[in-house]
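FYI, the numbering for the sequence shown is 1 to 360, going by our numbering.
Hints in this document: simulated from the structure, not taken from any laboratory.
Small disclaimer: the values here were computed from a predicted structure and weren't measured.
You may find that some hints are simply not true.
[As the list claims (entries may be wrong)] List of simulated lysine to any residue pairs, SDA-like, C-alpha gap at most 20 angstroms: (1) Lys209 - Tyr184; (2) Lys209 - Ile251; (3) Lys94 - Ala70; (4) Lys74 - Asp57; (5) Lys291 - Leu149; (6) Lys23 - Glu58; (7) Lys181 - Lys221; (8) Lys74 - Glu35; (9) Lys221 - Val167.
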Amino acid sequence: MEKKINLCIMFGGNSTEYEVSLKSSYSVLSNIDREKYNISRVGITRDGKMYLYSGADENILNNTWANDSAFLKKALFSTSFGDHAVYAVDADGKAERVAVDAVFPVMHGAYCEDGRLQGMLDMSGVGYVGPGCASSAVCMDKAFTKMLLENYDIPLAKCVYVLKGQVANEFDAIKSDVEEKLGYPVFVKPANSGSSVGVSKARNDTELKAAIENAEKFDGKILIEEAIVGREVEVAVIGNEDPVALTCGEIISDADFYDYDDKYNNGTSTNQIPAKVKEETWINLKNTAEKIFKTLDCKGLSRVDFFVCGEEERIVFNEINTLPGFTSISLYPKMAIHSGYTYTNLIDKLVDLAVQQKKG
């Protein structure tokens, strides 16, 4: 019998996307092949406390997992290179070593998807699902992503960058810059945020100021982009050095734009898999998504989001998500399933790619 892989599922996180992580993690735990893995679960609370969790999976979904101390032990990852373990300490101070061959951080947003978690795991030498530290940091920061990709002939929306605090003293200059370079309407986004958290549409200078002030609550760098009129089409990419774009899916949203509530709460959006695009458009999307994945040195998986514009189906890159949602309604697993994976063997593939990236 093949030796089981010691797999650590991480969930939660000190992030605005904490609840999304709980839903994604529960979906992974509900679909994983328990015959292949020795599964440990490490949860991080909203305030950043890390625990080895031994309770029921359902309590992760309903966010009661951290309420019962009987199922919690304070935990930390060994940063002794090659140790490959989580150390957990109970209330009496007794330590437990839990071996870890690979980590699946089913986590989104700050402290989870932005390179900080990946840097900690790199110090232990353990393999993990998703890109490395530098790639994760660049991909999470939408401003850095655009600055890098504009050197590689990737079609991008025009944008203006603003630093936190500038709106208080320099709003007139920002307003003039936006009106001259972009025109209204515009989308205002925190540079480091996912799931459309903190994103607003501004149709005039009053709404622009309010949108920047809202985005400042979530990050110190704000991205102001021209509004692209087009269909929202996402591409699922999987692999390490030789990534493959699996298929594309179109988001059909009832909201003004595909925001957090429409993604996870309202349930009013629908999707079309594969997206109804011309064959040459799909080839363009596929080639561009794979190029972006490799240019940004991604590993494991990413969801690359585009706008498809007009009858000529011109494509414009929107953003990349290196740890996309894995909830029951998330588009990445749906696209992978359409391409021939089951949810279970998609997890197997991602863990295999993570093991290949093991550092020591």
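Hint by hint, here is what the structure shows:
Note on Lys209 and Tyr184: the hinted pairing holds, with a Cα-Cα distance of about 13 angstroms set against a maximum of 20 angstroms. Restraint check for Lys209 and Ile251: not satisfied, since their Cα atoms lie roughly 29 angstroms apart, outside the 20 angstroms limit. Between Lys94 and Ala70 the CA atoms are separated by roughly 14 angstroms; this keeps the pair inside 20 angstroms, and the hint holds. For a cut-off of 20 angstroms, the pair hint linking Lys74 to Asp57 stands: about 18 angstroms separates their Cα positions.
Distance hint between Lys291 and Leu149 is fulfilled; the C-alpha atoms sit about 10 angstroms from each other, no more than 20 angstroms. Between the alpha carbons of Lys23 and Glu58 the distance comes to roughly 10 angstroms, so the proposed pair stays at or under 20 angstroms and holds. About 19 angstroms separates the Cα atoms of Lys181 and Lys221, which keeps this hinted pair within 20 angstroms; it holds. Simply put, Lys74 and Glu35 have alpha-carbon atoms about 27 angstroms apart, too far for the 20 angstroms limit, and the pair is violated.
Of the supplied pair hints, the one linking Lys221 and Val167 holds, its CA atoms being roughly 11 angstroms apart against a limit of 20 angstroms.
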